[in-house]
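S.K.: Listed below are the residues making up each chain.
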Amino acid sequence: MSAVVTTAEGGTPADQGREPRDASRRLAGRLARGLRRVPGSVGASIAVLSAVVVLVAISPLLESAATAQDLLLGTTPAGTPGHPFGTDDLGRDVLWLSLAGARSAVLGPVAIALGSMIFGIVAGMIAGYLGGFWDTVISRSTDLVLAMPPILMAIVVGGIVGGGYWVTVAVLVVLFAPSDIRMIRSAVLQARNQPYVEATQVLGLPTWRVMSRHLLPNVMPVVLTNVFLNVAFAIVAMSSLSYLGLGVSPGAADWGRQLADGRSLLYLNPAASVVPGLLIIVVATSTNLVGDWLADRLGVRSVA
Amino acid sequence: MVRFVLRRTAGTVVLLLGLSFIVFALLYLAPGDLTKNLLGNRRVSPEAIAAVREQYHLDDPFLLQYGRWLLATLQGDLGVSIRSGAGVGSMLVDRGGLTMALTLIAFALAVGLGVPLGVLAARRRNSAVDRGIVGAALVGVSAPSFAVGLLLLYAFAVMLGWFPLYGVGEGVLDRLWHLALPAAALAIGLGALVIKMTRTAVLAELEQDYVTFARARGLNGRTVSRLYLTNAAIPIVTSAGLMLAFLFGGTILVEVTFALPGIGSLLSESITFKDVPVVQAVTLLVALVIAGTSLLVDLAYLLLDPRVRRTGVGA
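Sequence order for the protein chains is C and X.
Each residue of the first sequence is one higher than the last, beginning at 1 in our numbering.
Each residue of the second sequence is one higher than the last, beginning at 1001 in our numbering.
There may be inaccurate statements among the hints.
If you want the footprint, here are the derived chain C segments under chain X, 3+ residues with CB under 8 Å [what the hints assert, rightly or not]:
{"no.": "1", "segment": "145-156"}
{"no.": "2", "segment": "193-199"}
{"no.": "3", "segment": "242-255"}
Honestly, the hints are just simulated from the structure, not real lab data.
Treat the numbers as computed from the prediction; the structure is a model and nothing was measured.
Cβ coordinates follow ideal geometry from the N, Cα and C atoms, glycine included.
If we strip away everything but chain C, and leave its shape as in the complex, we get (with noise of 0.2 Å):
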């Protein structure tokens, strides 16, 4: 769904042979000495997607504040007193709304990436490592998913099933979980000849232990850049859905939402639309930054 990603090398060559603990325990450290000398923007991505993370846990407290509703006062212009960013049609405070919106922008494509990553392991590796009828099934279906725009895919299939929030969480899942699959898959092709493979196999161990101890530990760099990467692509697609208005209820503090209502508003309050939008902008292309810089760090290639 979002790029195809390979590892560079597979691998460095002290890498095998080795336990697979020493493998995650080298992918942490990798990670602990590239914090080190983290570039600025990298660096403000980091902050943005802290500042997220605090919205999102005390988003319950900003519930009451955000949905809050002054039909009297109507729509105001930014800089009302009291309202730095004016209010929407329904008198709602568009800061607060927009703080609390945190929540319905993020935490279902966080849950749409782990889902498709869990999705991508498990039928990746079959695929890679088994190969034969299971790898053609899984290939061909990822295929025919794989056909079609992921974003009018989300919005007929979301559109269709209907329901609500996690039940288009759920579709997305299903909808990301291939280009997932397809690219485990690629980069267990790339392990599975290395030595250390064969070694395993020769050594007898059954298959499932290759699998989850020896391949699993080597595809992580990739497995865990694609989170970041999908986590971004989500964002923009959940959003999508709900600027149609697809699994967000009426009302419901969320950016896309908020974008589709402030359409109208354009002349009255233009922040009502202008801050949800550009909220959205910070938090995918912060998410898409770290992920690249996690790409680099990791030594995973990102081919377009």
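Given the coordinates of chain C, work out where chain X should sit on it, guided by the hints.
M.R.: This is chain X only, laid out in the frame that chain C set:
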């Protein structure tokens, strides 16, 4: 080579059949009662319901319904819209022109700006210019088209008043003027993608030995760049299907944002009203265009690259 062409074409047909099945099954399984959508919430006699079920063959087995629908679709009969009663085929023709114009302008903008910028970034790798272009591309890839559209509307239509707020305009020039902002909103995402792809492709070519060799032989810069740019063009051209997919996803949101009566907004309205025949037709149409483009591009690739002609694309 003939075998490859046949296999690739057959693969596309199978893919389209699979997609048509999924689309049909999905809408068949969709929650909600079709008779209710058709008759509304009026009180209706059981006979009327039975007549409607009869007319739409709702009591037939699933596979029979699918077969009948597929056969009709292949014969060019796309059915009748539940919402408006108009033929779906004529609706698509009515709305298609605008979407085609919009996507073509956006495509031209994205490729026309994206490719030169991508090449520039690759040539000045790690310079400030490169970082600026890559950063801008990252924002462009991340920003949803509707958010970009609304920001453009606010900046250029409301604040500056250079462009109209909505509508399609009359006459060619007026229409272009009306489509400028929506096309720009649509083009930004794709353009960013094109920049990333071009930069990656050119960088990969610049690392090749033949470039070093050509330079070492003292060929002038223009000749060398023609060499590697031709090669870098291959992965970009072959992703035309992917680019179209990107545009079709975005056009729904852009058409809704700018209130343009195109196929995207038709799809959005039809989903809201559960207008099943229209949703099926539009989804299949998009699948057909994308799969057809990918097929054509692959075949064109075959004609252009003698190496591939001999061995076949590793598809």
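S.K.: Taking the hints in turn, state whether each one holds.
M.R.: Comparing the hints with the structure gives:
Look at the segment 145-156 of chain C against chain X: 8 of its residues bring a Cβ nearer than 8 Å to a Cβ of that chain, three or more, so the hint holds. For the segment 193-199 of chain C, the stated coverage by chain X is violated: 0 residues have a C-beta nearer than 8 Å to a C-beta of that chain, whereas at least 3 were required. With a cut-off of 8 Å between beta carbons, the segment 242-255 of chain C has 4 residues touching chain X; three or more are needed, and the interface restraint holds.
Going through the hint list in order, the structure does not satisfy hint 2, though it satisfies all others.
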